[in-house]
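> Everything in the sequence shown is counted per full-length UniProt numbering, starting at 1 for the first residue and increasing by one.
The set of hints was computed from the structure by calculation and includes no laboratory data. Don't take every hint at face value.
What the hints assert, rightly or not - Pairs of lysine-lysine, BS3-like flavour, derived with a Cα cap of 30 Å:
hint, residue 1, residue 2
1, K13, K40
2, K59, K29
3, K13, K59
4, K167, K129
5, K27, K13
6, K59, K121
7, K167, K121
8, K13, K29
9, K59, K167
10, K167, K214
11, K59, K40
12, K129, K59
What the hints assert, rightly or not - FRET-style restraints, in silico, Cβ to Cβ:
hint, residue 1, residue 2, range
13, P166, K29, 35 to 43 Å
14, E24, Y203, 16 to 24 Å
15, E128, E156, 15 to 23 Å
The structure presented is a predicted model; accordingly, all values stated were derived computationally and were not measured. We put the CB at the ideal spot given by N, CA and C, even for glycine.
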Amino acid sequence: MLIDFHIHAFHEKIAARAIESLEENIKVKSLTDGTLAGAKRLLRECGVDQALVLPIATKPSQQTLINDWAGSINGRDGIWALGSVHPAAPDALDELDRIRALGLRGVKLHPNFQDFFIDDKRAFPIYEKCAALGLFVVFHAGFDPLTPDTIYASPEGLLRIHRQFPKLTMVCAHLGGLALWDEVERTLVGEDVYLDTAVVARYIDREQCERIIKNHGADRVLFGSDLPWSRPSMEYELVNSFDLTEPQKQSIFHGNAERLLGLSE
Numbered sequence: 001m002l003i004d005f006h007i008h009a010f011h012e013k014i015a016a017r018a019i020e021s022l023e024e025n026i027k028v029k030s031l032t033d034g035t036l037a038g039a040k041r042l043l044r045e046c047g048v049d050q051a052l053v054l055p056i057a058t059k060p061s062q063q064t065l066i067n068d069w070a071g072s073i074n075g076r077d078g079i080w081a082l083g084s085v086h087p088a089a090p091d092a093l094d095e096l097d098r099i100r101a102l103g104l105r106g107v108k109l110h111p112n113f114q115d116f117f118i119d120d121k122r123a124f125p126i127y128e129k130c131a132a133l134g135l136f137v138v139f140h141a142g143f144d145p146l147t148p149d150t151i152y153a154s155p156e157g158l159l160r161i162h163r164q165f166p167k168l169t170m171v172c173a174h175l176g177g178l179a180l181w182d183e184v185e186r187t188l189v190g191e192d193v194y195l196d197t198a199v200v201a202r203y204i205d206r207e208q209c210e211r212i213i214k215n216h217g218a219d220r221v222l223f224g225s226d227l228p229w230s231r232p233s234m235e236y237e238l239v240n241s242f243d244l245t246e247p248q249k250q251s252i253f254h255g256n257a258e259r260l261l262g263l264s265e
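The whole structure should be built from the sequences, with the hints applied where relevant.
Structure (C-alpha cells):
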C-alpha cells in the first residue's frame with residue numbers, strides 16, 4: 001500500500017487557470033493539468049494507491065468553495081482531502097467547525113501563499129481551535145519559489161509553535177523545511193511532530209535525508225510528493241533505497257497516513 005500524503009489538484013473549472021498562474025509565479029513546470037483526474041493518472045503511473053489533496057485558501061473569500069469541494073471528493077476512489085482556512089478571514093474559526101462537520105481530518109496552511117508568518121498571533125486561535133477539534137495541520141515549511149527571499153515557516157518557528165501548542169498535531173511538510181535541513185536537524189528532529197517527504201528528492205542530499213528520517217523516527221514520517229510539482233515515484237525510490245526495516249518503510253508509506261486519516265480505526 002502506498003499513500004501519497006501531499007498532492008495538489010483543483011476543481012476542473014479553475015484548474016487550467018490555476019496551473020498557468022502557478023507555473024508563471026514559481027517557475028516550475030506542472031506534471032499534470034491540475035485536475036483531480038490528471039492527478040489520478042500520474043498517481044496510477046507511479047503505483048500510488050491513495051492520496052491526500054491539500055487545498056489552499058489563498059484569499060479569505062475562497063474558504064467556503066474550497067472546503068465544499070474538498071468535502072465532495074473526500075473518501076472517493078482512494079482520494080482524501082483536507083480543508084483550508086485563511087488567517088485573515090473573520091469566520092476562520094467557524095469554518096473550522098464546518099471542516100470538521102464535513103468529515104475532513106485536518107487543514108492545510110501555506111504561509112507563503114496566505115501571506116502570514118506562522119508565529120503571527122492572528123493564527124494562534126486557529127491552532128487552538130484545531131487542537132480542540134482534533135484537526136491536524138499541514139504546514140508548508142521552509143523555502144518556496146513564490147517568495148524566495150522570505151521564509152514564513154522556518155524549522156525554528158515550527159518548533160516554537162509546537163512548544164506553544166503541544167496538543168496540536170503538526171505535519172511539517174518538505175521534511176521540516178525545504179532547503180533548510182541543517183536547521184531541521186538542529187531543531188525539529190526528535191520532536192513530536194510529523195515530517196513529510198514532499199518534493200525533497202530533487203533537492204536534498206541523500207545521506208542527510210536518510211539521517212533525518214532515522215533520527216526523527218519512521219513513526220513520524222509521511223510519504224508525500226507535492227504532485228504535480230514532483231513525480232511520486234521520485235520520493236518513493238529515494239525513501240525505499242534507505243537502510244530501513246520493512247515495518248519502518250510501511251509506516252512511512254502508509255501506516256502513519258492511515259492513523260492520521262482515521263483509516264485504521
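> Determine for every hint whether it applies to the structure shown.
Here is how each hint holds up against the structure:
1. K13 - K40: holds (17 Å)
2. K59 - K29: Status holds; Cα separation ~24 Å.
3. K13 - K59: At roughly 18 Å apart (the allowed maximum being 30 Å), K59 and K13 satisfy the hint.
4. K167 - K129: Holds - the C-alpha atoms of K129 and K167 are around 11 Å apart, at most 30 Å.
5. K27 - K13: Distance ~23 Å between K27 and K13 Cα, so the pair holds.
6. K59 - K121: holds (18 Å)
7. K167 - K121: Holds, at roughly 17 Å.
8. K13 - K29: Holds. K13 to K29 sits at ~20 Å (cutoff 30 Å).
9. K59 - K167: At roughly 27 Å apart (the allowed maximum being 30 Å), K167 and K59 satisfy the hint.
10. K167 - K214: Cα-Cα ~24 Å, so holds.
11. K59 - K40: Within the cut-off at roughly 27 Å; holds.
12. K129 - K59: holds (20 Å)
13. P166 - K29: 35 to 43 Å: The hint (35 to 43 Å, Cβ to Cβ) holds, given that P166 and K29 are roughly 40 Å apart.
14. E24 - Y203: 16 to 24 Å: holds (21 Å)
15. E128 - E156: 15 to 23 Å: The hinted range 15 to 23 Å holds for E128 and E156, with Cβ atoms some 21 Å apart.
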